[in-house]
Amino acid sequence: TIREMYPRGVDVAVEMTGAKHVIHEGVQLLRNGGHYSFTGMVHPDSQLSSLTGETIIRKCLTIRGVHNYTPWNLEEAVKFLDEFREELPLESVLSPTSYRLSQINEAFQQAHTGSYCRVVVDCQNI
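Going by the numbering used here, the first residue of the sequence shown is number 124, and it counts up by one from there.
These are calculated hints, taken from the structure and not from any lab test.
Be careful, since some hints might not be right.
Pair ranges (Cβ atoms, derived) [as the list claims (entries may be wrong)]: (1) N155 x D245: 15 to 25 angstroms; (2) Q232 x N155: 21 to 31 angstroms; (3) L197 x Q232: 24 to 34 angstroms; (4) L213 x T124: 18 to 28 angstroms; (5) I180 x S225: 18 to 28 angstroms; (6) L204 x V165: 13 to 23 angstroms; (7) V189 x V216: 17 to 27 angstroms; (8) M128 x G156: 10 to 20 angstroms; (9) I125 x R241: 16 to 26 angstroms; (10) H190 x V216: 13 to 23 angstroms; (11) P130 x N191: 19 to 29 angstroms; (12) E214 x Y192: 23 to 33 angstroms.
Quick caveat, the model's predicted, so the values are computed rather than measured.
Even glycine gets a Cβ: it sits at the ideal position worked out from N, Cα and C.
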């Protein structure tokens, strides 16, 4: 586990999922003085769960929200995913079913269950 590899904690945690249940684990993994970056919590249901002012102050955490990225950043992200797709455990975060665009309502229903971090919609397959 990460805690076994880094018993004093990690310097940086980056939240990219938009799933609020991961916040607590990220905070627990940070060392005192660590930095937490939020990039995926761009939605109305993004209350920071159990994160308290006391935790932020006692651990001397730096928290930053990152939102304004450029098309270049997205291009680089897609290249990264393509290059490392065999090594990344994508099956653990993506829905096993790809929904056609005409099945968008079913895709939203699946997304609302919270079973997967991301539900796959194939926009080229109507």
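Against the structure, the hints:
no.	hint	result
1	N155 x D245: 15 to 25 angstroms	violated, 45 angstroms
2	Q232 x N155: 21 to 31 angstroms	violated, 42 angstroms
3	L197 x Q232: 24 to 34 angstroms	holds, 27 angstroms
4	L213 x T124: 18 to 28 angstroms	holds, 20 angstroms
5	I180 x S225: 18 to 28 angstroms	violated, 50 angstroms
6	L204 x V165: 13 to 23 angstroms	holds, 19 angstroms
7	V189 x V216: 17 to 27 angstroms	holds, 19 angstroms
8	M128 x G156: 10 to 20 angstroms	holds, 19 angstroms
9	I125 x R241: 16 to 26 angstroms	holds, 22 angstroms
10	H190 x V216: 13 to 23 angstroms	holds, 21 angstroms
11	P130 x N191: 19 to 29 angstroms	violated, 35 angstroms
12	E214 x Y192: 23 to 33 angstroms	holds, 26 angstroms
Hint check: violations occur at hints 1, 2, 5 and 11; the rest are consistent with the structure.
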